[in-house]
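If you want the building blocks of each chain, they are given just below.
2 protein chains.
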Amino acid sequence: MSLTYAVIGTGALGGFYGARLQRAGCEVHFLLRSDYNQVCDRGLKVESPEGNFQLTTVHAYPQAQQMPPCDVVILALKTTQNQLLSDLLPPVLKADGVVLVLQNGLGVEPFVANLVGNDRVMGGLCFLCANKVGPGHIRHLDYGAITLGEFAADYQAQGLTERMHRIAADFRQAKIPITLSDDLLLARWRKLVWNIPFNGLSVVLNAQVDALIQHPSTRQLAQQLMQEVVQIAASQNRVIPDQFVQTMLVDTETMKPYRTSMKLDFDLKRPMELETMYDQPLQVAEKTGVAAPQITMLYQQLQFLESKHPSQNSD
Amino acid sequence: MSLTYAVIGTGALGGFYGARLQRAGCEVHFLLRSDYNQVCDRGLKVESPEGNFQLTTVHAYPQAQQMPPCDVVILALKTTQNQLLSDLLPPVLKADGVVLVLQNGLGVEPFVANLVGNDRVMGGLCFLCANKVGPGHIRHLDYGAITLGEFAADYQAQGLTERMHRIAADFRQAKIPITLSDDLLLARWRKLVWNIPFNGLSVVLNAQVDALIQHPSTRQLAQQLMQEVVQIAASQNRVIPDQFVQTMLVDTETMKPYRTSMKLDFDLKRPMELETMYDQPLQVAEKTGVAAPQITMLYQQLQFLESKHPSQNSD
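The listed protein sequences correspond, in order, to chains A and B. The end of the first sequence is residue 315 by the numbering used here, with every number in the run present. The end of the second sequence is residue 1315 by the numbering used here, with every number in the run present.
Extracted from the complex, chain A is given alone in its bound form (with noise of 0.2 angstroms):
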């Protein structure tokens, strides 16, 4: 038996995973909201360099209650609207079904845990440069790579699963690079030592990825945050090594112009997602009594942004 697919949030990142599923031959239903008609006539449209197409007809719902069950549910919603999944997850999450939780930051995958249950988590971190253009059209800039792994109360390492296997061989038909972990909060941990600098800096110096790694201060400061993250992630015993910034920080050079997901957010005057990506690192920093006195000082600042900038909230 395939599996079936579920993508709440089919913006860019929900939209791109979701449609190169179907493109491989998997049942994938997508929750829509302001782009519902749109899709139902003219299905969805993915330019990408890695070739591009259209899916001309999709399951497309406008409301969870209307969407069948499915076997994985990929969580694709800015984590700024994580107060509705206590709505939107039990009616397309089958009993023996896993949501696949698509989002940045820390605590995500508890949160959504205590709605379905810890053995019906996992995590995936999502290296993709992509934008939606427009009513169900997403332009794939660069990218796509994934990284997955199991949850488990406490982030308790987990090795590697079945359904692990099972999904991975979907995504790699589906032509996404799929990396499995057998330690999710390492690897969401990995993720924020690059998110963390670069996202909070593009936001508070208006500014491209490539303008920040290129002047010598704020090369010198997002590796300074880099190291504050490092420090954090091992007090709860999770090991980055020191040779890992740098190799950020070198790989950072050779990117695109690109603006983070986070400028994008602010650029587009969307809530921006403070609370997973600084709130939360910063708990855990306050709770094993690291100091992190620049993230400190990030969140500080993109707080005063945030509040001088009110968010519409749409998806």
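Do not take every clue at face value.
[Stated by the list, open to error] Straight-line alpha carbon distances no greater than 16 angstroms define the calculated EDC-like cross-link-like pairs of lysine to aspartate or glutamate that follow:
(1) B:Lys1308 with B:Asp1267
(2) B:Lys1191 with B:Asp1242
(3) B:Lys1269 with B:Glu1306
(4) B:Lys1308 with A:Asp210
(5) A:Lys308 with B:Asp1210
(6) A:Lys256 with A:Asp142
[To be verified] Counterexamples of contact, computed for chain B against chain A with all Cβ distances above 12 angstroms:
(7) Ser1034
(8) Tyr1036
(9) Asp1041
(10) Pro1049
(11) Gly1051
(12) Gln1054
(13) Pro1069
(14) Leu1128
(15) Lys1132
(16) Tyr1143
(17) Gln1156
(18) Arg1166
(19) Asp1183
(20) Arg1238
(21) Glu1306
Think of the hints as simulated: they come from the structure by calculation, not from any bench. We treat Cβ as the ideally placed atom computed from N, Cα and C, and that holds for glycine.
Once you've looked at the hints, dock chain B against the given chain A.
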């Protein structure tokens, strides 16, 4: 014998204090650059809540070499122009005269002392809101007090001297509130307690002081930055009590909406006074082994913004 004054840098600050001194009967000589012709023709005009006035004739000079040597040389250039001082100061300073450094930040008196000798330098901290609104036209908005102190090698506290009292008498005659300090370095650090957080944050967050003090995140951040300043000062044996920080914060709450001098420079595309306000204090921190991660971060952010925002050096 009454003292004669030279004003080096007739912008808002130099123009305001110089005009007040002349109005009170002092002989004042003004060095001007871009406003020279207009000021020769029309004099200086000062608008102020404490009374508007106009000086129809002033001693105006386009070059320091044309000025008479004076008893007191008021140095009111931006510190970003201090490379000019080796040419500007010697011609206007009497052998037994003194340079009164009315500049922001740290390291300015040693720089001047290097040109004219340790015993011919005093420093003043100005608490003044004033803008130049046109050629030879100054708008005084609020405040105006000066704290005056003698300089000596290594900023050894000097006590109050005869010449301080004489200068203070002239300033009081000119309705400029003046306080005499027996420890110039302490006075400088106390001023930096306010300047370091609010100048930098107003630029980085594109905000006026009232917005920064009203938001709890930036109020707290300002307090943290102030505490770092206090710690660096302490490493130079300048003790600033915690109550001072609290008082600064409370006083700031009642200030009118106000653009800091650095924000004004940034908005007008003038170079920011980063070296004296951030680099010099951070050099002290490094030398004395004090951690100042948040001031460091603010400086790094400002350096980035300065580089994105090429300034046009002018007076």
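Hints violated by the structure (numbers, ascending): Going through the list in order, the structure violates hint 21 alone and respects the others.
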